[in-house]
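Enquirer: Both chains are given apart, each in its own frame, so use the hints to dock them into the complex.
The listed protein sequences derive, respectively, from chains H and U. Start counting the first sequence at 1; every next residue gets the next number (the working numbering). Start counting the second sequence at 1001; every next residue gets the next number (the working numbering).
Just so you know, these hints were derived from the structure itself, not from any lab.
Taking lysine-lysine pairs in the DSSO-like style, the calculated list, with each CA pair at most 27 angstroms apart, reads:
(1) U/K1149 x U/K1103
(2) H/K169 x H/K238
(3) U/K1248 x H/K106
(4) U/K1149 x H/K106
(5) H/K238 x H/K249
(6) H/K266 x H/K238
Residues of chain H clear of chain U, computed beta-carbon distances all greater than 12 angstroms:
(7) G22
(8) R28
(9) G58
(10) A76
(11) H78
(12) L191
(13) P227
(14) K266
(15) S267
(16) Q275
Note that the Cβ used here is the ideal one computed from N, Cα and C, for glycine as well.
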Amino acid sequence: MTETAAITAPARIGDAAIALNGVDVAFRLADGGVYRAVQSATLAVADGEFVSIVGPTGCGKSTLLNIAAGLLAPAAGHVDIFGNVLATLNRQAGYLFQADALFPWKTALENVAIGLETAGTPQAEARARAGDWLSRVGLGSFGDRYPHMLSGGQRKRVGLAQVLIRDPKILLMDEPFGPLDAQTRQIMGNLLLDLWSADRKAVLFVTHDLEEAIALSDRVVIMSAGPAARIIGDWRVKLSRPRDIAEIKLDPAFHDLHREIWQMLKSEVIKGYAQAERA
Amino acid sequence: MTRIKLLLLQIMVAVVSLAIWHILTTYPIFGRMLLPPFFFSNPVEVVKQIYVWFATGVIWKHLYVTLIEAMLAFAIGSVGGVLVGFWFARQPRTAAVFDPYVKMANALPRVVLAPIFTLWLGLGIWSKVALGVTLVFFIVFFNVYQGVKEVSPTVLANARMLGMSERQLMRHVYWPSALSWMFSSLHTSVGFAVVGAVVGEYLGAAAGLGYLIQQAEGVFDVAGVFAGMFVLAAFVIVIDTIVTIVEKRLLVWRPVVGEARP
Chain H
1 MTETAAITAP ARIGDAAIAL NGVDVAFRLA DGGVYRAVQS ATLAVADGEF
51 VSIVGPTGCG KSTLLNIAAG LLAPAAGHVD IFGNVLATLN RQAGYLFQAD
101 ALFPWKTALE NVAIGLETAG TPQAEARARA GDWLSRVGLG SFGDRYPHML
151 SGGQRKRVGL AQVLIRDPKI LLMDEPFGPL DAQTRQIMGN LLLDLWSADR
201 KAVLFVTHDL EEAIALSDRV VIMSAGPAAR IIGDWRVKLS RPRDIAEIKL
251 DPAFHDLHRE IWQMLKSEVI KGYAQAERA
Chain U
1001 MTRIKLLLLQ IMVAVVSLAI WHILTTYPIF GRMLLPPFFF SNPVEVVKQI
1051 YVWFATGVIW KHLYVTLIEA MLAFAIGSVG GVLVGFWFAR QPRTAAVFDP
1101 YVKMANALPR VVLAPIFTLW LGLGIWSKVA LGVTLVFFIV FFNVYQGVKE
1151 VSPTVLANAR MLGMSERQLM RHVYWPSALS WMFSSLHTSV GFAVVGAVVG
1201 EYLGAAAGLG YLIQQAEGVF DVAGVFAGMF VLAAFVIVID TIVTIVEKRL
1251 LVWRPVVGEA RP
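Next comes chain U alone, as it looks inside the complex (with noise of 0.2 angstroms):
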């Protein structure tokens, strides 16, 4: 399949999609309006809503507060998971020590922990940075622990009989086997950032596109949670771009499943 064709098939899944809930919401069919437009609105109002969002430019705002928080909650998340990983990797009985304490700090729902945040850390932006760290943490976290813990023997022996110290093992071996896993992972440790930024927002903020969509839904006004919901989906698929494009040139050296031999 050509690039070109792709695109078209996939412009048109978006249309046909588009079309049926518009039909479906403004047309009556059989005597019987199948979507309610009060809780199912239409494309029309949702496009509406959105460009007077970027016209006026209130979207801007929400949009920077929840990026600046997504950001923050990825980078202190992942320097954390990093730092903890390595030291955990290296240090079994630390490891073992901690380990029923981490396993139970992952098991549980990041959301009861959201009201805690706002309460020690305010309504601003760090209560939403916090939930987002809890969700980034852990999975990078778990990446370079394991990167380090399986680095090949093979690998590991020739590097001791090629003289490496250990602080070398560290710096050629440990570290790029670690920082592999953990930009394998980078797509979903980027979008829980985002969805933690968002979900810290939608149960209380000032600003941030969860902000927008919670605010819409308080006064029942579908249009505005739709078109909420359209702008953070664009968002992501903005972010997962340029996360795809950083990983290419960061990981250049992993083979591509059926890639031809160059």
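Next comes chain H alone, as it looks inside the complex (with noise of 0.2 angstroms):
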């Protein structure tokens, strides 16, 4: 059912949509030390592919978002994005937010058709895609609201809809519903499912919750806890698809492949929680 890879070959990291090359994240501390977050993360995204990074509260999961994304730099080690190192901002990428990242003051119109209207689509054409968007995420009627008159999934589907209209060949996403409940998740999780599967982008989902990274994804990389985290194991998940987030939590496999990694991350989870105590 499932195999056990050691932290991941890289065979195929020349073609990779996303290669992390021994990463380093260390960050300045105001007393002049430094904190070393993340250490020598090796990790291969293929195109089209879904992978899940969980691990324990402050490992460092969303930092190597920041990383993959351009918006923060590694202290050691490099990113190659398509086989080219990654030196500004990833243009190829979509970054979904854990937090409110919608602008207030935009419609949700607006604020879809806004990632368009930047990259110089005349503003008439944006906004009837949008409106397209709008619709696949099933807001089609909500799009002279403003963020404020939104519950918390729709404005994440705003958010995805914002992201996937500029068509990015990467979808970086980071905890994205988890301030949502149990119900809207799924309902997100499926969206989203639907979405990718139409032109399965290279994808890299951090999350805190196990059940819902192998119900999405691909391959789920486990993080050790923090200070100087590492990726300590990486699954294949080997469930069919399409899948639904709701009925796959009964396979049997679901199941197997669930316990085999929790005996993994439970104890790196009471590390994390140790951590966090004393900090």
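Expert: Here it is in structure tokens:
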């Protein structure tokens, strides 16, 4: 059913959509010291592959995403995007943030259209396409609402449309459904899989929810507790697609895999909490 | 509470206050006048004075002068505040250099500047405008500065990931954020523009509401002082109402506390 690979074999690293090569992340502290968040992370995401990173709180999962987005520069190592070293902002990636990232002074429609307008698409055309995208995420009649008039789940849908309308080759997602309730998460998960299966972008998805990770992904990567968090496990999820998030959780194969990964994750989660208590 | 009931209660407060004022200044209580009319006048006299001003039309000229001064002070102060606020927020080094001087200038009681402005700019409207500008500028400046500085880092990161250039960031992120902060202080800054104009007039002018009050005070015409105050109060309420309407249109995207989701 499942196979446990060691740390990702760098076999396909050349043609990978995202390749982290021995990436270290360090932050300068106020007292002059250096906090090493992530240590020698090596990970490749193939084109069209859905990879989730799971790890305890504060292990630097989000930091890795920021590295892949080019919002943050690694202290050591380098990031390759489709074989080219990333030096500036990752122009091929769309990023769905954990916190609210919509522009509060723009309506839902304007929020979705802005990604095209910045790229020089005429406003009328951008707005028309934004309307289409709002319909695709099920918010066709909500175009004139401002973000504060939408629920948390609706805001995430707008965010998803805002990112996908630019048709990025890579999708980076930072616990995007974290603040939502359980039912809404399931609906959003299925929506995401639907949209993704249409054109199979490379996805790097960060979450602390192992079930969500397995249900969505082709591969699940486990990180250890920080500081100096490392990638300590890499599982391939061999469940068939298309999947339904709710149904797949009843599959025995799902349970086997979950149990196997949880064995490793559990000790890291406990370490992570102990770390947080001390801090 | 319904609107009508609220309005009635509000009117009642005015009626009761005026009645107490009238009784205490007109009828002796236990053989003593509690509020001597010479110092407190009485509502009838004040209303008469206001009526005379409006009937003869003298008041319009003074209202017009004060309004023009306040509007100029608000416009110039706002433009200056927005420009400098943006500049300082985007150039932290400049802001750090000027920081102590900004604090110093802001801490200075503006009234002491009035004589200087009168010397420099004469007794006409510009010395009053200058006084108003020094008040409005700092309110707008601090709000715009804050607005640019406090753009949510997530929104900013999102904007950059959506491919915005520096200029587009300015237009779609910093500018709306700064404006929202500025508009939220609109009541204060408009109020201060009026304060600057009236105080300036009071200290030396040839026209305006402040001048009117100062003239009445000079001849111990207490009814005139009160009449001037009431006209000024009504003037401020009218302006404040207009500001509220403008604000509602401009800040339509902002959540109202306690508002039900439509």
